[in-house]
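A.B. asks: Chain residues, written in single-letter form:
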Amino acid sequence: MMKEERERSIRSVFKTVTERIAPDYVNCKACGRRAIRSVWKKNLNVCPFCGYYMPMTADLRLNTLFDPGSREDFNKDLEVRDPLNFPGYAEKAKRAEKKTGLKESAVTSYGRINGIKVVAVVLDTRFFMGSMSSIVGEKVTRAVEAADRERLPLIIFAASGGARMQEGIHSLMQMAKTSSAVQEFSEHGGLYISYLTHPTTGGVTASFATLGDITLAEPGALIGFAGPRVIEQTIGVKLPKGFQRAEYLSKHGFVDKIVKRPDMKQTLYNLLKLHLDSMQGDRL
Amino acid sequence: MIRESLMEADRIGSRMQQLRAEGVPEEDQRMLDLSMEKAKALRPLNKLTAEDKVFLARKIERPHIDDYIGALFTDFFEQKGDHLYDDDPAIYGGIARFHGIPVSIVGHRKGHTAEENVAYNFGMAKPEGYRKALRIMDQAEKFRRPIITFIDTPGAFPGIDAEEHGQGEAIARNMARMSSYHVPIISVVTGEGSSGGALAIGVCNRLLMLEYAVYSVLSPEGFASILWKDSSRHGEACDIMKLTADDIKEAGVADEVIPEPLGGGQENPRRLYGSMDMAIEKALSVLMSMTPEELLRDRRRKFRGML
Ligand SMILES: [Zn+2]
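Taken in sequence, the protein lines are chains A and B. At the far end of the first sequence sits residue 284, using my numbering, and the numbering has no gaps. At the far end of the second sequence sits residue 1307, using my numbering, and the numbering has no gaps.
Worth flagging that the hints you see were computed from the coordinates, not collected in a lab. There's no promise every hint is true.
Said to hold, decoys possible - Below, simulated EDC-like cross-link-like pairs (lysine to aspartate or glutamate); rule was C-alpha separation at most 16 angstroms, straight line:
(1) A:K241 with B:E1115
(2) A:K251 with B:E1004
(3) A:K241 with B:E1221
(4) A:K238 with B:E1004
(5) A:K117 with A:E72
(6) B:K1059 with B:D1138
(7) A:K251 with B:D1277
(8) B:K1038 with B:E1004
(9) A:K98 with A:D77
(10) A:K260 with A:E247
(11) A:K238 with B:E1164
(12) A:K117 with A:D148
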């Protein structure tokens, strides 16, 4: 075989192999290094090199949290509404649905954590950055009502880029709707654990996310009302180091505990057990 | 833009003032001509765009909470501070009488001069302001006083201290607590109602809006810069956001639109006070005939139905 020919054939074999492997690699958004997808998954989307917390999809979060076979989603078919007939919004929503397989950012489920049944909500940031739409507000509210009705503990994994601009005033009103639902649940003695993940900002921060009985957060998560860029522009001052990160919020008294991903299930189970035992099964 | 029309009308108005000062009677031909001219200058105000209304809603001469308290209430006693950390001048309120009935009042404060604007931080409240509002409203619940809130803010203050003191928590707590009260709550959007900073004192039984007031998820400038990375597309944003009083009523969020004098409340404040007084009295008399439980259920149902 000619040298040239041989090189070409090696190259083509190599190309097929990399083509097969390449889609299975995911690059870290922080350090840029890449790892095989299954390694990421096993590591719960924490970078094996630098420890950066990549967002967890709703599926990965709930399947990690719940006992196998116990997950039962509800209100899965609620679709994005377009109350302002906002140019391009319906199309953008369709694209997001195609990309993620979700009809909205909020996923609501029943499931068991080491046997204890709970209602859980996850905001999946792949869908419009988890922004507050009328259906996100509706699904959160229905989840709170389900927990209230069935006397179950409620866990919400918040993540949000803020308001869903395309829904205008309807987006804003979800803040009042969800806060009111959480308030009523609380009056009835319900346990609500708010679990803040990266990034939790805007209307979600200023409603159900900050109304938990217990507030947990993931390491490094950005948590705030106004975005850092807006604050910098408004006051023209450089922001302090670590500003609005989970550790900063914890220091300022708004987070009970920062929980590493591998400890998520055990931490939640312990908390659930503590409440279960103090209520002697009345509520849980 | 109606800015030019208003400036032209102002010029004619001051010319008329001048003639009056010189002793020229109203029926003088010069006066009659000028008043015709003024009416003509103001004609474009009959057809306002959303951007025009945003402009009017923010006008510094527009009546504010201080004016409404002075005109519609008696025996006002200001309550200051959150009694936790600070007194935020962007929120104003206390106890007063409305048609003789003791009520609690809370609202954003902006002021009428540049100095006042700065002193009140343009109505952009910090957590201390929202907690002051909560203190006033909690007492209203305790002493069974109706609550009347006046909304006029470009949004909650975006600052380092505001974030460190829990801006999100303060807004959320107010909404949660307002949803649980057993007293009538009436909110009036008097100027610009922007973002959670507005809603933090807006979880009410009846939402009234002045004709030229606007209510939105955030300011049109913020909207344009987030969505199009271009805050200069402000006019376009105003149209698309559906933020005028009529739009908000159409969306089922506002219950009533209070008519304003042509050109806005500042053109004839007494007429505006009259219309506002009537609208508040009407809403309050309906709500005061309801039981505490009914009031709670009415408010919860109102917001539960928001899609
Ligand atoms: Zn990394």
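A.B. asks: Confirm or reject each hint.
C.D. replies: Results of checking the hints against the structure:
1. Our distance criterion of 16 angstroms between C-alpha atoms is broken by K241 of chain A and E1115 of chain B, whose separation comes to about 33 angstroms.
2. Taking the CA atoms of K251 of chain A and E1004 of chain B, the gap is about 52 angstroms. The hint is violated against a cut of 16 angstroms.
3. Distance restraint check for K241 of chain A and E1221 of chain B: the Cα-Cα separation of roughly 28 angstroms exceeds the 16 angstroms cut-off, and the hinted pair is therefore not satisfied.
4. Only pairs whose Cα atoms come within 16 angstroms are accepted, and K238 of chain A paired with E1004 of chain B is rejected, the gap being roughly 39 angstroms.
5. For the hint pairing K117 of chain A with E72 of chain A, the CA-to-CA distance comes to about 11 angstroms; that is within 16 angstroms, so the pair holds.
6. For a cut-off of 16 angstroms, the pair hint linking K1059 of chain B to D1138 of chain B is broken: about 32 angstroms separates their Cα positions.
7. About 47 angstroms separates the Cα atoms of K251 of chain A and D1277 of chain B, which puts this hinted pair outside 16 angstroms; it is violated.
8. In summary, the hint linking K1038 of chain B to E1004 of chain B is supported, as the alpha carbons are separated by about 12 angstroms, within the 16 angstroms threshold.
9. With a C-alpha separation of about 14 angstroms, the suggested pair K98 of chain A and D77 of chain A falls inside the 16 angstroms cut-off, and the hint holds.
10. For the given pair, K260 of chain A sits about 12 angstroms from E247 of chain A by alpha-carbon distance, which is consistent with the 16 angstroms threshold.
11. Between K238 of chain A and E1164 of chain B the alpha-carbon distance is near 15 angstroms, which keeps this suggested pair within the 16 angstroms criterion.
12. With a C-alpha separation of about 13 angstroms, the suggested pair K117 of chain A and D148 of chain A falls inside the 16 angstroms cut-off, and the hint holds.
Violated hints for the displayed structure, listed by number in ascending order: 1, 2, 3, 4, 6 and 7.
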